[in-house]
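S.K.: Below are the chains, spelled out letter by letter.
Number of protein chains: 2
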Amino acid sequence: MERRICMKSSDETLTEKLNKKGLRPSHQRIKILEYLASHPCHPTAEQVLSEMKKELPTLSKSTVYKTLNAFVEAEMLREITIENNEIRYEYNLADHGHFKCEKCGEVYDFEIDLEALQSEKLNGFRINDKNIYFKGICKSCLKKNI
Amino acid sequence: MERRICMKSSDETLTEKLNKKGLRPSHQRIKILEYLASHPCHPTAEQVLSEMKKELPTLSKSTVYKTLNAFVEAEMLREITIENNEIRYEYNLADHGHFKCEKCGEVYDFEIDLEALQSEKLNGFRINDKNIYFKGICKSCLKKNI
DNA sequence: GTTCCTGCAAAAGCTTTGCAGAAGA
DNA sequence: TCTTCTGCAAAGCTTTTGCAGGAAC
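Quick mapping for you: the protein sequence lines, in order, are chains A and B.
Letter 46 of the first sequence, counting from 1, is numbered 158 in my numbering, and no numbers are missing.
Letter 110 of the second sequence, counting from 1, is numbered 222 in my numbering, and no numbers are missing.
Heads up, a few of these hints could be off.
Claimed, not checked - Straight line, CA to CA, 20 Å or less: simulated DMTMM-like cross-link-like pairs of lysine to aspartate or glutamate:
{"hint": "1", "chain 1": "A", "residue 1": "K242", "chain 2": "B", "residue 2": "D221"}
{"hint": "2", "chain 1": "A", "residue 1": "K247", "chain 2": "A", "residue 2": "E195"}
{"hint": "3", "chain 1": "A", "residue 1": "K215", "chain 2": "B", "residue 2": "E185"}
Unchecked claim - So the derived list for chain B, only partly shown, Cβ under 10 Å to chain A, looks like this:
{"hint": "4", "residue": "I142"}
{"hint": "5", "residue": "Y147"}
{"hint": "6", "residue": "C153"}
{"hint": "7", "residue": "E167"}
{"hint": "8", "residue": "Y177"}
{"hint": "9", "residue": "I199"}
{"hint": "10", "residue": "V219"}
{"hint": "11", "residue": "F222"}
{"hint": "12", "residue": "K233"}
{"hint": "13", "residue": "I239"}
{"hint": "14", "residue": "I244"}
{"hint": "15", "residue": "K247"}
{"hint": "16", "residue": "K251"}
If you are wondering where the hints come from, they were derived from the structure by calculation, not from laboratory data.
Note that the Cβ used here is the ideal one computed from N, Cα and C, for glycine as well.
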């Protein structure tokens, strides 16, 4: 019985998920995955580290990087490369686009039909991954600027 | 009389373009812009440097980076951040998407109607930039693998 | 003569790697 | 016990910055 995205999954379910992917369910991995599964945010590795240090004070930078890479490799997380100088991660694997506010830095999700995006020029190509990145100023920042 | 993209522009036209943007038309800038305007490729800064060194043996890495950043700032070039560990640049500012082959690394353009990409969730947002990045295996690499 | 640009070297910032000890199976 | 993971430090890469000399105006 698989839990849905956006619902806080229990440790048990996440342990099963990790086992299925051939990853040992270490304490660190479970906590990191749990955090990402229960927070609909788009943190960088650095942000994951500082957030998780509250719970896991001895957690190291290299473990975070290795863990996030392992999760991406196992297709449990998605990388967001909307900015070249940072990788962001998210647990939501469903189709959607990303908008980054150039003022406050916040990343917003938005619904979009990726399936519908086609191009004749890509006939015969194998497409594994589709990303849509918008940039601009978010509603909230526009309001503050009146 | 503005020249069209994809046509090899003369030094004179590029000089005018640079002047309009408030950028001094130095020899280096003209040559770099000329190169990008006449080659429909998506080079990294490092690739621009090694390519341009043939013509400008004393060209430095920092000049390339500063020049490319100045061109992006002036909206004469577009940045492609399909991969987080490299920025690619292109002269073609018209709407299109990018596909990167995970095998050969080649970046392909494809036509797409960015104007049509809308989302209710972004109502009230100011959108300045839209990027579409696909990844997978290109036709050519698929053929080699038969 | 001023201002802006170039090129060298050094620094910065994010990410990866090597390795010894610890944890999981 | 054996394999894999963690954490520390060091290294790797791309990109940025500071500054003196040079080019453009």
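S.K.: Can the hint on I244 (chain B) be confirmed by a CB-to-CB distance to chain A that is less than 10 Å?
M.R.: Since the shortest Cβ distance to chain A is 6 Å, the answer is holds.
S.K.: Given F222 (chain B) as an interface hint, is its Cβ closer than 10 Å to any Cβ of chain A?
M.R.: 4 Å, holds
S.K.: Hint E167 (chain B) vs chain A: min CB-CB distance below 10 Å?
M.R.: E167 (chain B) check fails; min Cβ-Cβ to chain A is 27 Å, beyond 10 Å.
S.K.: Going straight from one Cα to the other, do K215 (chain A) and E185 (chain B) come out at no more than 20 Å?
M.R.: Measuring from Cα to Cα gives roughly 16 Å; hence the hint holds.
S.K.: I239 (chain B) was flagged as interface toward chain A. Is the shortest Cβ-Cβ separation under 10 Å?
M.R.: 4 Å, holds
S.K.: Any CB of chain A closer than 10 Å to the CB of I142 (chain B)?
M.R.: It is violated, given that the least Cβ distance between I142 (chain B) and chain A is near 26 Å, above 10 Å.
S.K.: Let me know if the C-beta of K247 (chain B) comes in closer than 10 Å to any C-beta of chain A, holds or violated.
M.R.: 4 Å, holds
S.K.: Does the nearest C-beta of chain A fall within a distance shorter than 10 Å of the C-beta of K251 (chain B)?
M.R.: 4 Å, holds
S.K.: The hint names C153 (chain B) as touching chain A; please verify it with the least Cβ-Cβ distance against 10 Å.
M.R.: 16 Å, violated
S.K.: Tell me if I199 (chain B) is really an interface residue toward chain A, meaning its C-beta lies closer than 10 Å to one of theirs.
M.R.: Result: holds, 5 Å to nearest chain A Cβ.
S.K.: Please check whether Y147 (chain B) passes as an interface residue: C-beta within 10 Å of a C-beta belonging to chain A.
M.R.: The hint is violated - Y147 (chain B) has no Cβ within 10 Å of chain A, the shortest such distance being about 21 Å.
S.K.: Have a go at the V219 (chain B) hint: is there a Cβ in chain A nearer than 10 Å to its own Cβ?
M.R.: 12 Å, violated
In the structure shown, a violation is registered for the earlier hints numbered 4, 5, 6, 7, 8 and 10, in ascending order.
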